[in-house]
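Chains as they are written, first to last, in the numbering used here: chain X, 117 to 309; chain R, 3 to 439.
The set of hints was computed from the structure by calculation and includes no laboratory data.
Using N, Cα and C, we set each Cβ at its ideal position, and we do this for glycine too.
Hints may contain errors.
Here are the computed lysine-lysine pairs in the DSSO-like style, where the Cα-Cα straight-line distance is at most 30 Å [stated by the list, open to error]: (1) R/K364 with X/K303; (2) R/K81 with R/K225; (3) R/K225 with X/K303; (4) R/K46 with R/K81; (5) R/K125 with X/K171.
Using C-beta positions, here's what the derived DEER-type ranges look like [as the list claims (entries may be wrong)]: (6) X/V292 with R/M332: 33 to 39 Å; (7) X/S255 with R/T358: 57 to 63 Å; (8) R/G396 with X/G294: 57 to 63 Å; (9) R/V6 with X/G256: 36 to 42 Å; (10) X/D179 with R/G306: 47 to 53 Å.
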Amino acid sequence: MIPASVGQPNERSAIDVLQGWIDRLSLISAYLAAGCLVLLTLLTLTQVALGALSKVSHFFPSDISFGWEYSAYLMGTAFMLGGALTLRAGMQIRVEVVLRLFGGRFRDPLEIGSSIIGAAFVSFLAFSLTRFAWDSFQSGQVSGSTFTPLWIPQCALAIGAIIFALQSVMRAIAAVLGRSLVNESFKVTSVSE
Amino acid sequence: MTYVFITMLLALFGLLGGGVGIGISLASTAVIMLGVFTDIPIGKLIAQQSFNILSNADLVALPLFILMGEFLFRTNLSKTLFNGLAPWAGLLPGRLLHVNVLASSIFASISGSSAATTQVVGKMTITELKRRGYGEDVAIGSLAGSGTLGFLIPPSTVMIIYGVLAEESVLRLFTAGWIPGLLLGLSLMGMIVFLTWRNPDLIPESERNLRHLPLSDRIAALKELAPAMFLIICVIGSMYAGLATPTEAASLGVLGAFAVAKRQGSITWETIRAIAVGTVQSCSMMGMIIVGATILGSATAVLGIPDAITQLVTELQLSPFGLIILLMAMYLVLGMFLEGFSMIATTLPVVLPLITAAGFDKVWFGVFLVLVVEMAQITPPVAFNLSIIQGMTGIPMGRLWRVTLPFLGTMIVFTMLLAIFPQIVLWFPDLVLGVTR
């Protein structure tokens with residue numbers, strides 16, 4: 117990729133620094149997501165164990181009262197927190213047929229256009245989720261089964277979405293400047309589905 | 003309503019074609035539609051819908067099965083499956099070519115993904131069948147065909163997503179997958195027998211005496227299947243013994259897969275990092291698509307599209323079978339450009355009301371969708387499973403597609419049979435879980 121801003125070394129390095137920070141933030145966010153998934157697995161396994169033990173002795177409760185609800189919150193949080201890294205690894209799937217077919221001349225404008233739309237939507241989502249969490253906080257909403265204040269899980273989603281939005285905006289900037297859209301070091305060998 | 007519909011199709015296909023991410027395309031289409039045709043607060047709707055779907059307990063099984071798949075990918079299950087099944091496959095006309103189907107069926111009852119199935123089974127069979135001198139075309143084609151069993155034979159990530167989006171019991175969908183899955187496996191094996199009967203050169207001379215292996219050797223080989231059987235008991239056994247819900251079974255599967263990988267010494271800090279990042283990426287990728295589908299689904303509901311479609315179907319008086327043929331054709335075309343999950347997410351908001359209006363059972367339609375999704379995984383230019391095989395063999399896409407055709411044909415005929423005899427799908431869940439209709 118040819119840097120678009122050759123001859124302006126200061127500006128280029130500023131973008132590099134910004135991209136580096138957002139990439140680091142995305143990575144931390146993804147590790148937090150992985151942490152949520154570990155907790156979620158342990159929570160579900162505990163449910164299974166309690167279910168089995170309660171059949172043997174009534175001493176054990178048959179489940180954890182908040183188990184289902186919290187495992188679902190952990191799942192949602194993990195999905196959102198992983199968004200930024202996934203985008204930067206080039207793993208958010210999209211239809212690439214047109215991009216490939218009309219490659220060359222139209223490829224760059226299409227990349228710019230799609231990145232801007234992506235950035236716009238994810239920013240809107242992040243904004244909406246933040247306001248949603250704030251509204252829940254102000255009105256003191258709680259969940260039906262465990263009376264957990266809803267702003268807590270909503271806030272977790274909002275934080276994930278904000279980091280995702282930062283990376284999306286950065287991608288749009290990178291596309292406009294003709295820089296690389298993917299950080300190769302974020303790619304891993306995996307089943308990828 | 004016509005305007006609404008045309009705007010939706012234009013926005014959706016414009017965004018998808020322009021290279022916008024699938025989930026974002028779906029959600030942005032919803033935003034455009036709501037912005038143009040209604041004055042409801044859009045931000046509130048998308049936040050509420052995102053939160054609802056991302057805190058849906060039925061979806062929790064999805065990340066668990068993905069995590070389990072990542073562990074399985076790092077075990078040597080492919081080798082043990084091959085060693086355990088090969089002596090038995092040698093008895094059949096078509097010999098070791100059947101290992102592709104047999105190993106896929108077994109692996110599919112552990113894992114929920116067809117990509118993982120293709121990868122794990124192919125890792126061993128591609129090189130081993132080639133080394134022994136089997137016809138490469140049929141070896142690759144049958145791998146591509148049978149790898150898709152990963153979605154049909156439970157557990158199945160596609161069924162979890164369909165179940166959540168269509169509000170249908172995941173356990174019931176899983177149960178409905180068994181009989182069609184095993185029958186499709188048999189059909190694919192039938193195709194292998196047919197191809198090798200027509201062209202006996204596909205099987206090397208040296209492999210003909212596999213039939214004469216002593217029985218004791220065959221029985222000894224079964225030992226190799228122990229890790230696979232252990233995992234099947236964790237996932238499927240726990241579910242049908244009534245000890246675990248699909249989600250809990252998935253967590254047992256994660257534990258079991260971790261234990262197998264650990265025992266085989268494949269757990270290092272490096273692999274743990276790759277497993278963590280790989281799982282998070284797969285989850286977020288699918289999560290975004292599911293969020294997009296949910297937002298679009300609620301937008302179409304707000305706009306009254308489902309009602310309009312129901313009305314249209316009643317007016318058209320399409321025969322149910324005609325409708326299914328039409329849908330199958332549509333999905334085959336879409337499958338050329340979209341990958342499986344995206345196809346379900348993109349079409350379900352419109353297709354589900356259509357299907358229920360025409361009087362189809364949601365469980366039956368789930369199985370039908372899984373089959374068309376499987377076909378999508380092997381129809382180029384966008385063919386996820388073929389890309390995986392391409393990555394492993396370096397064979398060009400055109401040739402992969404050609405060698406897969408007989409097996410794709412088998413799947414198309416099989417799907418039509420299910421449309422003619424829906425009881426093939428429905429009698430087993432009715433038997434096991436009782437009739438609920």
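### Task
May I ask which of the numbered hints given earlier this structure violates, with the numbers listed in increasing order?
The structure conflicts with hints 1, 3, 4, 5, 7, 8, 10, although it agrees with all the remaining ones.
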